[in-house]
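Asks: If you want the building blocks of each chain, they are given just below.
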Amino acid sequence: MKRTGKIGLALSTPYILYALTFVVFPLFFSVYLIFHRWDGMSTPTWIGLKNVARLVNDELFYQSILNTLLFLVINIPLQIFLALIFAVGLNSIKFLRGFFRAVYFMPVVVSGVVVTIVWLQLYSYDNGILNNLLTMVGLPRVAWLVSPSMAMPSIALMATWKNVGLYTVLFLAGLQGIPAEFYEAATIDGASFARKFLRITVPLLGPTMTLVVILSTINGFSLFVEPFVMTGGGPLNATLSSVLYIYNQAFSFGHLGYASALGFVFAVIILLAVLVQRRVLETE
Amino acid sequence: MKKTLSAVLKYFFLTAFAVGFLYPFLWMLSGSFKPDFDVMKLGLFSSHFTLFNYDLVFGRIPILRAFLNSLIVAMSVTATVIVFGSMVGYALAKIKWKGAGTLTVFLLFTMTLPFQLTLIPLYTMVVKFGITDNLLGLILPNMLTAVSVIMFRQFFVTIPDSLIEAARIDGCGELRVIFNVVVPLSKPAVVTVGIITFLTSWNDVLWPLIVIRNRYLMTLPQLITVFVLGGQAESHLGAELAASVLLAVPILVIYSFFQRYFIQSFVSSGVKG
Numbered sequence: 086m087k088r089t090g091k092i093g094l095a096l097s098t099p100y101i102l103y104a105l106t107f108v109v110f111p112l113f114f115s116v117y118l119i120f121h122r123w124d125g126m127s128t129p130t131w132i133g134l135k136n137v138a139r140l141v142n143d144e145l146f147y148q149s150i151l152n153t154l155l156f157l158v159i160n161i162p163l164q165i166f167l168a169l170i171f172a173v174g175l176n177s178i179k180f181l182r183g184f185f186r187a188v189y190f191m192p193v194v195v196s197g198v199v200v201t202i203v204w205l206q207l208y209s210y211d212n213g214i215l216n217n218l219l220t221m222v223g224l225p226r227v228a229w230l231v232s233p234s235m236a237m238p239s240i241a242l243m244a245t246w247k248n249v250g251l252y253t254v255l256f257l258a259g260l261q262g263i264p265a266e267f268y269e270a271a272t273i274d275g276a277s278f279a280r281k282f283l284r285i286t287v288p289l290l291g292p293t294m295t296l297v298v299i300l301s302t303i304n305g306f307s308l309f310v311e312p313f314v315m316t317g318g319g320p321l322n323a324t325l326s327s328v329l330y331i332y333n334q335a336f337s338f339g340h341l342g343y344a345s346a347l348g349f350v351f352a353v354i355i356l357l358a359v360l361v362q363r364r365v366l367e368t369e
Numbered sequence: 007m008k009k010t011l012s013a014v015l016k017y018f019f020l021t022a023f024a025v026g027f028l029y030p031f032l033w034m035l036s037g038s039f040k041p042d043f044d045v046m047k048l049g050l051f052s053s054h055f056t057l058f059n060y061d062l063v064f065g066r067i068p069i070l071r072a073f074l075n076s077l078i079v080a081m082s083v084t085a086t087v088i089v090f091g092s093m094v095g096y097a098l099a100k101i102k103w104k105g106a107g108t109l110t111v112f113l114l115f116t117m118t119l120p121f122q123l124t125l126i127p128l129y130t131m132v133v134k135f136g137i138t139d140n141l142l143g144l145i146l147p148n149m150l151t152a153v154s155v156i157m158f159r160q161f162f163v164t165i166p167d168s169l170i171e172a173a174r175i176d177g178c179g180e181l182r183v184i185f186n187v188v189v190p191l192s193k194p195a196v197v198t199v200g201i202i203t204f205l206t207s208w209n210d211v212l213w214p215l216i217v218i219r220n221r222y223l224m225t226l227p228q229l230i231t232v233f234v235l236g237g238q239a240e241s242h243l244g245a246e247l248a249a250s251v252l253l254a255v256p257i258l259v260i261y262s263f264f265q266r267y268f269i270q271s272f273v274s275s276g277v278k279g
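Protein chains in written order, with the numbering used here: chain S, 86 to 369; chain H, 7 to 279.
If you are wondering where the hints come from, they were derived from the structure by calculation, not from laboratory data.
Misleading hints may appear alongside valid ones.
[To be verified] Here are the simulated EDC-like pairs of lysine to aspartate or glutamate, each with C-alpha atoms no more than 16 Å apart in a straight line:
hint: 1; chain 1: S; residue 1: K281; chain 2: S; residue 2: E269
hint: 2; chain 1: H; residue 1: K134; chain 2: S; residue 2: D124
hint: 3; chain 1: H; residue 1: K102; chain 2: H; residue 2: E171
hint: 4; chain 1: H; residue 1: K47; chain 2: S; residue 2: D211
hint: 5; chain 1: S; residue 1: K281; chain 2: S; residue 2: E266
hint: 6; chain 1: H; residue 1: K102; chain 2: H; residue 2: D167
[Claimed, not checked] Just a sample of chain S residues kept apart from chain H, beta carbon distances all over 10 Å, derived:
hint: 7; residue: L96
hint: 8; residue: W204
hint: 9; residue: L260
hint: 10; residue: K281
hint: 11; residue: A335
hint: 12; residue: V359
hint: 13; residue: V365
A virtual CB, placed ideally from N, CA and C, is assigned to each residue, including glycine.
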């Protein structure tokens with residue numbers, strides 16, 4: 086028993102050292118930084134609750150949360166809706182199923198930088214492909230990334246395009262776990278397709294649904310490269326995401342203490358959001 | 007009759023969306039070989055085939071160097087995550103010791119922590135260690151992940167103790183048991199952890215932007231981001247697309263051969279994570 090104790094500890098040493106250096110210490114340091122002003126070079130100065138007071142009055146902080154909420158309100162339902170349709174469609178065919186699945190999943194493995202650069206051009210106001218298509222059928226151009234009210238929805242749409250494949254394969258895996266007898270029994274009872282979908286498919290996909298909502302929420306709060314490359318957070322801060330704001334405070338303005346306080350508060354918000362979603366979705 | 011009609015509709019619908027997912031990639035590829043005045047056209051073929059865009063990219067930025075940097079970082083991180091992750095996973099799954107429970111709880115706890123929490127403090131650690139503008143600054147903070155340890159643990163639990171006992175009786179030390187017996191039996195777990203870790207590292211942009219300022223040490227996605235934003239592309243749309251192609255193609259080539267494994271990895275890590 087004593088010997089195995091030593092072996093267990095010895096084998097775990099790499100993680101313990103890693104965690105102490107790159108998890109535990111930074112965790113405490115983030116709390117420490119909340120109460121300090123620091124530019125990253127000189128010694129941090131104690132400023133009490135000034136960072137917190139500043140945060141409470143920081144309009145950009147609230148703006149970045151509202152932006153993220155707008156992103157999520159569009160991204161999550163759209164993603165679930167499309168992924169469900171795709172998964173049910175793929176589940177009902179045999180021929181070429183693997184091919185379609187692979188194509189829908191493709192944007193998931195590609196770097197966000199690639200997707201962002203391509204969509205930046207697709208969204209171009211004057212001669213982007215999307216606006217060209219719209220004018221071809223006689224519709225007015227859309228100011229995708231130029232208008233403050235459209236910019237975040239446009240990014241949410243692009244993110245849906247990039248990530249929906251992941252949620253499709255998650256739903257597909259969930260669907261394949263539903264026994265065929267359920268559908269057969271319902272068919273014998275004369276249930277319509279819509280009824281079977283609403284009464285069997287959707288409830289049994291519940292756990293996957295919860296997972297999708299939580300992953301999308303975390304993803305929304307992690308948004309960085311898309312606004313960084315496409316809009317720089319503009320126009321009028323309409324696409325300033327929480328991570329972009331942390332990045333700007335820390336590396337454009339050199340306010341490392343304040344950026345750390347922002348990170349701390351955003352992390353608490355994410356944890357609370359995930360907790361609430363778990364509670365609500367799992368009891369339903 | 008009704009059945010064939012619905013099948014036709016299904017395939018029509020699935021194909022329409024497949025085009026929606028494929029077209030932007032094909033457009034990017036074809037645009038990278040077009041002169042700027044042709045890029046924004048809907049069609050994929052141009053009568054003005056040119057390599058100008060690639061010349062511009064290779065001439066302006068050290069892209070081969072960036073490719074190499076990305077490869078070094080992603081391979082090192084993947085290797086350390088697999089080696090150390092399987093060691094710790096084994097200690098938690100197959101060795102009875104007092105700390106195992108506590109450590110597992112701690113691992114699960116760190117998995118819930120959003121990265122925003124430690125982003126800035128982590129940066130200060132890298133500064134303290136003097137490894138900014140150093141590939142180690144990208145490797146060390148990512149050399150292990152809690153998810154990988156947990157995934158190895160879950161898989162190792164299913165391996166029969168008798169096999170491990172037999173190896174020990176044959177005189178294997180614990181490390182040989184891990185790397186000669188347990189890990190070879192756990193290919194699905196190794197593949198999943200390997201693919202997810204490699205992709206996460208290869209595609210990461212935020213952390214390199216924070217840690218690396220020297221353009222010769224930049225990773226591929228970072229260098230391309232800086233290329234597009236910093237004006238070196240001189241708003242040559244074709245050149246931006248050529249850079250994107252160079253970033254996307256390595257992953258897409260591997261993906262086209264191993265897409266089944268990629269998808270499986272995401273599904274199993276999604277469900278467990």
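Asks: For every hint, state whether the structure bears it out.
Replies: Consistency of the hints with the structure:
1. K281/S <-> E269/S: Holds, because 10 Å separates the two Cα atoms, which is no more than 16 Å.
2. K134/H <-> D124/S: holds, 14 Å
3. K102/H <-> E171/H: Roughly 14 Å between the alpha carbons, so the hint for K102/H and E171/H holds.
4. K47/H <-> D211/S: Satisfied, since the Cα-Cα distance of roughly 12 Å is no more than 16 Å.
5. K281/S <-> E266/S: holds, 12 Å
6. K102/H <-> D167/H: holds, 12 Å
7. L96: At roughly 4 Å from the nearest Cβ of chain H, L96/S sits no farther out than 10 Å, so the non-interface label is violated.
8. W204: For W204/S, whose nearest Cβ neighbour in chain H is about 7 Å away, the distance does not exceed 10 Å, so it is violated.
9. L260: holds, 12 Å
10. K281: holds, 15 Å
11. A335: violated, 6 Å
12. V359: Incorrect as stated: the minimum Cβ-Cβ distance to chain H is 8 Å, not above 10 Å.
13. V365: holds, 18 Å
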